[in-house]
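*Asks:* Below, each chain spelled out in residue letters.
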Amino acid sequence: MDREELAPHVEELARVLGEKADKNKIAEELEKYVNLYRVTLEWAKRDILKKMGGNPDAFNDGSGRKSVAELTGDEQSVDLLVKVLTVNPKTIEVGGAHKSIAYGYMADESGRVQYTVWETESVQLKQGSTVLIRNAYTKEYKGTPQLNLGNRASVEESEEILDVADMPSGGGSAEVKIADLADGMNYVVISGKVSRPEKREITASGEKKTIVTGVLSDDTGSAEITVWKDAELKDGDEVRIVGAYVKSWKGMPKLNLGDKAEIQMLSKGTLGDLSSSVPKVRTLEDVELSGGAMDVVVRGTLVDVREGSGLVMRCPDCRRVLQKSTCRVHGKVKGTDDLRIKSILDDGTSSMSVVFGKELTEQLLNISIEEAVKITTEERNPEAVKEMAEEKLFARTLEVRGMVRSDDFGPMLIARDARFLEVDVREEGAKLLTDMEGFN
Amino acid sequence: MSREVAWRVFAAEFNSSSLEMKGEGEKTPSYLISPLGAKINRIFVVGVLTDNDNVGNENEPVWRAKITDPTGTFYMTAGQYQPEAAMALAKLQPPCFVAVVGKFRTYSPEEGKMYVSIRPERVGKVEASVRDGWVLETCKATMDRISAMEEAMKLVEPTVEKLMQIGFSRPLAEGTVHSLRHYQQEDLTRYKGMTSDALKFLLPEYHTGPDVHLDSAAPEEIDLEEEQDDVDKEALVLSMIESLDSGKGAAWDEVVQKGKSQGIEREEMDSIANSLLDKGFVYEPVLGKMRKI
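Heads up: the protein sequence lines correspond to chains A and B, in order.
Here the first sequence is numbered in the working numbering, starting from 1 and rising by one per residue.
Here the second sequence is numbered in the working numbering, starting from 441 and rising by one per residue.
Bound conformation, chain A alone (with noise of 0.2 angstroms):
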């Protein structure tokens, strides 16, 4: 090893030994340990330490060797046995001059990581080789840690064999789908198909720009996007964007393009007729912890009606409901009738608040608007249809779509449709029994 691979390990020794340390004295003694007398590095380390007065067993007090699931986002200094999956190589300007960095993702058995070398010069990674790192730091951002390569971190191959899938190849990060999208997410590879785009002017930091907004679909949803320059989409466009992020807007996920993300234009079929498809069907636990979504299918069990289901009355002017026919920003008005049915919808994963409209809540309990204030008016009870609901609607199985939003009170499913779910129990029950029998 020549002076300059040892000089990340010197650094470290002399961080350790403190005030008393003589870089020159640590790295002459280093390389005589391992050049020439070949003792492993890490042995080499611990010996120079109790030599000069350190304590060895500094090495071991922050973090040490861990697994990527360890990593809690606040790790001073951590060694990893991981995989590269992915190295995309990024200029960065730091104080006016151009600076090489590299990012991409590792992971051993336990889990995968993000993560960024600021020393390209000393660090090298290649794709697919399996490494010791050592000497990295963890920051948290959004939640999850990442990992950083400094300038004390060092980085052996190793021979060790990991049990890890590879990242599927193309652009260096994996494609995922709509539904997989989360607040913080970055380098987002992902494909659909574009519709309702829009140009827009808009004034940044005094200048001028447009920027373009839309909507991305794939079989799993929608998602909005923006596009932060000028680009030529087209409603109907099958486009794989490479390098996205990812922000959230009331839990939803949005797709933001900065000026590093890249438009590919497919030919037109690639993804399949996705202009008539429903999404698939998401479990509640799923969406939960996507924390939202512009468009999804959810099956579950209505296990409560809520109150201010049924008939209420709004204000006409700002569509708020009344209490006692008062508005709270109009006072006394002359409200109009509407129908909704707040509820809870869980499928044994999760469970979700569910808001049906006035279509939604006539076609689910069979009755229009106006036989529901006839039936309200004649038994003079206000939580006639509310009563309905729960009637018709308790420990029944519906699938729902719509858009989930969150807010303090957690997620929210607003239904844009709905049909109750009859399941064929004598089929599903028969073929159930059938994979019962291989499970025995």
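Derived from the structure by calculation, the hints contain no laboratory data.
Every residue, glycine too, gets a C-beta built ideally from N, C-alpha and C.
Treat the hints with caution; some may be incorrect.
Here are the computed lysine-lysine pairs in the DSS-like style, where the Cα-Cα straight-line distance is at most 30 angstroms [claimed, not checked]:
#, chain 1, residue 1, chain 2, residue 2
1, B, K543, A, K392
2, B, K531, A, K177
3, B, K732, A, K431
4, A, K342, B, K543
5, A, K280, B, K531
6, B, K580, A, K177
7, A, K342, B, K531
8, A, K324, A, K358
9, A, K431, B, K565
10, A, K392, B, K506
Now the in silico label distances, taken between C-beta atoms and shown as ranges [what the hints assert, rightly or not]:
#, chain 1, residue 1, chain 2, residue 2, range
11, B, E550, A, V373, 55 to 65 angstroms
12, A, E109, B, D627, 30 to 40 angstroms
13, A, T210, B, Q605, 42 to 52 angstroms
14, B, L643, A, K260, 54 to 64 angstroms
15, A, K260, B, E524, 50 to 60 angstroms
16, B, P549, A, E383, 32 to 42 angstroms
Use these hints to put chain B onto chain A, whose structure you have.
*Replies:* For chain B alone, coordinates are given in the frame of chain A:
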């Protein structure tokens, strides 16, 4: 804080639960860990309401009810703190299909003994198809728990993280790990048998006798014939009960009389009655009367 999910669990599994994890502090929920690792705070049940009595008084009603599913009976009590459920129960006449969403309750009369029941939040009358749908869904959920348990047993040191990596949800992974520590070597055969019986309950081709496997090769043919004979007699007695029922159940003495005319003795009639009661085909609305469910 998010709402607790409603677990789909059969009565036999629910009633065998004996591990409660009490929440520390005011707002932390408590959980009942089932033998298969369901981490229950809330439960969703659909079955037959077989008993429903006000054990309180008119002003302060306390409704105690029994709900049977293909594996056993759920017990529940609704009092003044469950006004909506109590009101709904007051209007229900057994037998009928009901759906219940509620929280678990435990009762320990002595150290080492634990009885569980449901404190209902919402009760509603439903159609038979809803019950069938629930049985199917609960079979699926039970099979998921069995496979989590099997995976966990394969691991030298099962942890929540390892189970989540295999693909199980966090609550199930947590429940499975807790369950393994408490229930030790739980016999999964029993739960597999329970699940396949519950599935057969949905399939008309098995209806004559949920406990008889007609198409499985039987080494002792005579036993099989006897069993088949039992099943035929049970079906016969069941039809007698149905025909003698004028709305409030059939008087057992009359059924016995009718049985005698068909050549079935009283003792055998009693054992058939017990078998039908066990299997949940009939229940006793009042002493001395039988009703088909």
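*Asks:* If a hint holds in the structure, say so; if it does not, say that too.
*Replies:* How the hints compare with the structure:
no.	hint	result
1	B:K543 to A:K392	23 angstroms, holds
2	B:K531 to A:K177	50 angstroms, violated
3	B:K732 to A:K431	29 angstroms, holds
4	A:K342 to B:K543	21 angstroms, holds
5	A:K280 to B:K531	41 angstroms, violated
6	B:K580 to A:K177	27 angstroms, holds
7	A:K342 to B:K531	25 angstroms, holds
8	A:K324 to A:K358	20 angstroms, holds
9	A:K431 to B:K565	29 angstroms, holds
10	A:K392 to B:K506	23 angstroms, holds
11	B:E550 to A:V373: 55 to 65 angstroms	58 angstroms, holds
12	A:E109 to B:D627: 30 to 40 angstroms	32 angstroms, holds
13	A:T210 to B:Q605: 42 to 52 angstroms	46 angstroms, holds
14	B:L643 to A:K260: 54 to 64 angstroms	58 angstroms, holds
15	A:K260 to B:E524: 50 to 60 angstroms	56 angstroms, holds
16	B:P549 to A:E383: 32 to 42 angstroms	41 angstroms, holds
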